[in-house]
Amino acid sequence: MKPILSAAQMKEWDSKTIEQMGMPSLVLMERAALAVCNRIRHSYSDKLNFGIFAGPGNNGGDGIAIARILHAKGDSVKAIVLGDSKKFSPQLRQELEIAGNYGVEIIYPWNIDDISVKEFSRLFADCDMLIDSLFGIGLTRGLEEDYAVAAEYINQSGKPVVAVDIPSGYDTDSGKLLGAVGVRADITVTFAYMKKGLVLGDCKVAAGSIYVADVGIYCKDNSVAQLLDDEILSSIPKREPTANKGTCGKILVIAGSESIYGACYLAANAALVTGSGLVKIYTHQNNIESIQQNLPETMYKGYTSFNDVEVMEQIAWADAIVIGPGLGTSDVSAQIIKTVCEHAKVPVVVDADGVNLLAKDLKLLDELTGRVPVILTPHLKEMERLCNTPVNEINYDIENVAKEFAAKHNCVVVLKNHTTVIATVNTIFYCNSGNEGLATPGSGDVLAGIIGALLGQRMTAEDAATAGAYIHGSAGTIATEETGIKGLLARDIIANINKVI
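Position one of the sequence shown corresponds to residue 56 (our numbering), numbered consecutively onward.
By construction, these hints were calculated from the structure, which means they are not laboratory data. Keep in mind it's a predicted model, so treat the numbers as computed, not measured. Where hints are given, some of them may not hold.
[What the hints assert, rightly or not] Below 25 Å or equal to it, Euclidean Cα-Cα: the simulated BS3-like pairs (lysine-lysine) are:
(1) 393 with 418
(2) 335 with 259
(3) 259 with 231
(4) 231 with 214
(5) 554 with 305
(6) 66 with 259
(7) 541 with 259
(8) 415 with 463
(9) 275 with 214
(10) 393 with 463
(11) 356 with 418
(12) 415 with 393
(13) 293 with 57
(14) 214 with 102
(15) 305 with 259
(16) 356 with 305
(17) 400 with 356
[What the hints assert, rightly or not] Label-pair restraints from in silico Cβ distances:
(18) 181 with 241: 43 to 51 Å
(19) 173 with 278: 46 to 54 Å
(20) 193 with 163: 15 to 23 Å
(21) 195 with 140: 29 to 37 Å
(22) 446 with 158: 33 to 41 Å
Just so you know, even glycine gets a beta-carbon here, dropped at the ideal spot from N, CA and C.
All chains should be built: construct the whole structure from the sequences, respecting the hints.
Right, here's the structure in full:
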């Protein structure tokens, strides 16, 4: 895992590197510029004509340094520096002086007829690639005037676009488009660490392919959010040679309802494939025949009405419980989840309708979390019900919403979105291992089953949630290599779990 930083955190470690460690800021700028040039050469091998749009700050300084390096290597380069020259940063001024000594063609707004898309089209007509270094992580408001016109031209040009650190026009923490227009890049080279906004909101699409470049800034703060990678898989226990079914985890899946069978099938099947020793499905009697035919590896028990003794017998059998997929919100379902909350003595994963039922009575959740580890796996709409916050607000404040709920209710929240955020009482994780193919029916049921299986193998709630989210996303990504994005089915995710673990 590696840190994923906010704008404030990145600025803090940049400042510490310069002020406490004695690293000159110009050295960091040179390393950043060289990293962008190397990435361009790696992705585009031919010599190109470059057009560079630089802003008044240090991101603009990066752009001018890039212009000089490309020029020195024989590429054709022209750069325009937008903004009031009185507000140019000291580093930008220094880079402009050096670039001038190298003979780089620098254009200033006061040297051209007007700032318009038409004029930019004329100036950069012979360019094969555009580089956006208008603004970096410090931007707090939308692009206006000359900067907005530049972004409009870049987007309309049809030329490949490389963004420096982050595409201009977006909030570094939320990924939200700050104004009417933001740059859309094909490649973004970000410096030192991934930034939160690059995997969230509007910016996730605008950033294109993202590359993190080591420029000599190192974050030593273990409390910052972490971006999951395959390192998390090392936390999964290996199966001992002396293992038997009973030692590999007994998972109770309480799922499905009178008219919904698929959810219990998917959750239980995912739990099996993730290594559970035994899986029992507790579901409506209508689903039993389908389970017998399609999932013979599981145990099962059907119900037609609520029986508290029967529910407690199932609970007592399990090492971990998954409840909610396709369960419905009927009175019987409400009574079942109430019984689980009052009597479960093992870790519990609550998904889908289980989340919806708890949203009606959070005291039940608190009763459960006061006794056993609990993992909630809501999507944004279910999170809206849990915390009474509109989806559009959650979407641009996803980390804080998840973190505050987890801390308040002493649980782990796996907040599912195009980038999933996992919040524990003390820590935040980002999971970006999946792709848009995971937006398919039953995908969340599979995730719940995976996490339940890991809990049954004695993993902590934090490790089970993070490893489960990473496995789920990775299996989906692998599956889409064959199915394509639109053709992915939940069962395809299950079929590829073994390739991840």
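Violated constraints from the hint list, given by number and in increasing order: 2, 9, 11, 15, 18, 21 and 22
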